[in-house]
Amino acid sequence: MPQLNAIVTALESDDKVKVVVFDSAVEGFFLTHYDFLAKPEDTTNLPPGPTGLPMLPDMLVRISRAPVVSIALIRGRATGVGSELALASDMRFANREKAILSQWEVGAGIVPGGGPMARLPRLMGRGRALEVLMGADDMGGDLAELYGYVNRALPDSELDEFVDALAVRIASFDKQAIAETKRLVDIASLPPDAEICPEWQACMASIARPAAQARLKVLMERGFHKPGDVENRLGYHVGQLAI
Amino acid sequence: MPQLNAIVTALESDDKVKVVVFDSAVEGFFLTHYDFLAKPEDTTNLPPGPTGLPMLPDMLVRISRAPVVSIALIRGRATGVGSELALASDMRFANREKAILSQWEVGAGIVPGGGPMARLPRLMGRGRALEVLMGADDMGGDLAELYGYVNRALPDSELDEFVDALAVRIASFDKQAIAETKRLVDIASLPPDAEICPEWQACMASIARPAAQARLKVLMERGFHKPGDVENRLGYHVGQLAI
Amino acid sequence: MPQLNAIVTALESDDKVKVVVFDSAVEGFFLTHYDFLAKPEDTTNLPPGPTGLPMLPDMLVRISRAPVVSIALIRGRATGVGSELALASDMRFANREKAILSQWEVGAGIVPGGGPMARLPRLMGRGRALEVLMGADDMGGDLAELYGYVNRALPDSELDEFVDALAVRIASFDKQAIAETKRLVDIASLPPDAEICPEWQACMASIARPAAQARLKVLMERGFHKPGDVENRLGYHVGQLAI
Chain A
39 MPQLNAIVTA LESDDKVKVV VFDSAVEGFF LTHYDFLAKP EDTTNLPPGP TGLPMLPDML
99 VRISRAPVVS IALIRGRATG VGSELALASD MRFANREKAI LSQWEVGAGI VPGGGPMARL
159 PRLMGRGRAL EVLMGADDMG GDLAELYGYV NRALPDSELD EFVDALAVRI ASFDKQAIAE
219 TKRLVDIASL PPDAEICPEW QACMASIARP AAQARLKVLM ERGFHKPGDV ENRLGYHVGQ
279 LAI
Chain B
39 MPQLNAIVTA LESDDKVKVV VFDSAVEGFF LTHYDFLAKP EDTTNLPPGP TGLPMLPDML
99 VRISRAPVVS IALIRGRATG VGSELALASD MRFANREKAI LSQWEVGAGI VPGGGPMARL
159 PRLMGRGRAL EVLMGADDMG GDLAELYGYV NRALPDSELD EFVDALAVRI ASFDKQAIAE
219 TKRLVDIASL PPDAEICPEW QACMASIARP AAQARLKVLM ERGFHKPGDV ENRLGYHVGQ
279 LAI
Chain C
39 MPQLNAIVTA LESDDKVKVV VFDSAVEGFF LTHYDFLAKP EDTTNLPPGP TGLPMLPDML
99 VRISRAPVVS IALIRGRATG VGSELALASD MRFANREKAI LSQWEVGAGI VPGGGPMARL
159 PRLMGRGRAL EVLMGADDMG GDLAELYGYV NRALPDSELD EFVDALAVRI ASFDKQAIAE
219 TKRLVDIASL PPDAEICPEW QACMASIARP AAQARLKVLM ERGFHKPGDV ENRLGYHVGQ
279 LAI
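Residue numbers (my numbering), protein chains in the order written: chain A, 39 to 281; chain B, 39 to 281; chain C, 39 to 281.
Accuracy of the hints is not assured; some may be wrong.
Put simply, identical chains are the same to the list, so a pair is met inside one copy or across any two.
Within a straight-line C-alpha distance of at most 27 Å, the following computed BS3-like cross-link-like pairs (lysine-lysine) qualify [to be verified]: (1) Lys136 x Lys77; (2) Lys54 x Lys213; (3) Lys213 x Lys77; (4) Lys136 x Lys54; (5) Lys77 x Lys255; (6) Lys264 x Lys54; (7) Lys213 x Lys255; (8) Lys56 x Lys255; (9) Lys136 x Lys264; (10) Lys56 x Lys213; (11) Lys54 x Lys255; (12) Lys264 x Lys77; (13) Lys213 x Lys136; (14) Lys264 x Lys56.
Quick caveat, the hints were computed from the structure, so don't treat them as lab data.
If we strip away everything but chain A, and leave its shape as in the complex, we get (with noise of 0.2 Å):
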């Protein structure tokens, strides 16, 4: 969080700077989830943000009104916390092959934490977005894009190069009306910070409960946080705990 906190900082102050986008060096993910082999202190400690929101969400809702254009681009699974970076992004545009997005945390007795609650119905309304946060199952580029999950879903022969067109192209525009169009969009679009806040207390809670605490003990003994099956369609791992 910390190095991801840097970056923020960063495309906040620099002057020239005018699109960033989020990629992922690794096969298959996005970015998938919290560490929850880690202490809960080791997030809980963390200093609040210059929003005065716990660091994840500070992070995330900075990224949405910093005066940079942010592009997720989602080869893999970006689920959880990476479904949650991806919104809080300007624009999303998915693999159509292999893109999986998801907010698996209620299938595994937790409440999102990172804003999925205030920013998905803004985004594909109240419908669609209880469909993903309450069947908290993989969906596949297609969907998403129906959904408007994610602005599109293209080959995966096409998307790199589409991603990369559209930023350059932004980045030959001026930063002033970038910065100004984008803050006018966010008076219009943004979640207020204060429904953003308690996402985050009630996801903290959530993870403490016994019922989040069996099924991701269930979930460990499966295979959680190692590469394989568990990891690859969580979605469907977290429809068979049954507990």
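Fit chains B and C to the supplied structure of chain A, relying on the hints for placement.
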């Protein structure tokens, strides 16, 4: 309405139930419209509900807020109050071949009264919501899916199995995680009750006006409230009144 | 602008008209952009309208609120203020083969001024709205339909007949039911005027800045404001400025 009210009350207070599916046992129909043969007083004399709203909008608002996931399984016509019940539910899945959704009321000189002016624009944007409400026409499953009127349209052969699997899946999750996550989505996505109440008042007033009474009279003469073409193609028939 | 203002005033006060269709008699164009050859004072000296907003945003806001259903029939390019007129209208139907929509302004160093930052995110969600505004590129009918930029894209051979049938249908309905229903949709879906006004101010300020003036100068040298490739593919050409 008292029967539905009892169900809603049970959903609010039961500490085990996690999912409810609204389905229809009547071939070709989910739920269509008010009983215009009944006396208006039968409706207007009903006591307001716990929210302070009149009974029908009260029940719909309470379904949206209940700590239970509600799914509308739409196999036939979900029009008028049937569309409004579907819109108050958390998710909507439609039969691609047979489902018909509409708010046909404006076509009969009536202002819809159960929340669609508040709910449709938040689901599909203002432009498509105005088309649904002002066009007052029958809409099939494919277009309802494109517009986000329903989450998805599924083939007749897959719909029941899909909804059943989703309901069983959600029912295996932790009730507290479901309820808390839904409550946070509610904050981001539910219209305030102050938007719902004026719809009901405008609806009741409109039904009493000559413009609606004249149109309802012609519809009745042509077969409204009886099995047959007017009920089966109400969108077409409200377009043939030309009064 | 005074001509359009006269039309808007007539729509507000006529007690019979129920539907207005905005169409174009110019092959290939719905409406494109401001006249950058005119003096800025020609626009800025116009008196504010009845809403207190400057004349252009005032007229657009009043179209949205008029007790009349407005339909934009988009056969050609609806870009810049043409897109803004379409977005202020209640519904938009586009020619699938020939329609082009865009907010190209950021590509020329200009902040759009007629409401798209307030209206686009409410119609298609923040992510796709930011793509339209920051990408500043031409968008065809298929993608405009997927994004909800238009209600639907229809084949060239069907568009006129479809819009005509819809307009005639709505015109057969009761004006009071239309107006009251629309007013309730307005409450749920229109941006407050306080979001519209700053766009206009930011737009006017941006046009005067060197970043915009330099880009407009190059565009003019390449054929802007004359029939030809720059007007026909403005999205492409703002991507070729690289200033």
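Hint-by-hint comparison with the structure:
no., hint, result
1, Lys136 x Lys77, "neither (32 Å within a copy, 52 Å between copies)"
2, Lys54 x Lys213, "within (8 Å within a copy, 49 Å between copies)"
3, Lys213 x Lys77, "between (41 Å within a copy, 25 Å between copies)"
4, Lys136 x Lys54, "neither (33 Å within a copy, 38 Å between copies)"
5, Lys77 x Lys255, "within (15 Å within a copy, 59 Å between copies)"
6, Lys264 x Lys54, "neither (40 Å within a copy, 34 Å between copies)"
7, Lys213 x Lys255, "between (49 Å within a copy, 18 Å between copies)"
8, Lys56 x Lys255, "between (44 Å within a copy, 23 Å between copies)"
9, Lys136 x Lys264, "within (20 Å within a copy, 45 Å between copies)"
10, Lys56 x Lys213, "within (6 Å within a copy, 44 Å between copies)"
11, Lys54 x Lys255, "between (47 Å within a copy, 23 Å between copies)"
12, Lys264 x Lys77, "within (18 Å within a copy, 66 Å between copies)"
13, Lys213 x Lys136, "neither (33 Å within a copy, 32 Å between copies)"
14, Lys264 x Lys56, "neither (37 Å within a copy, 31 Å between copies)"
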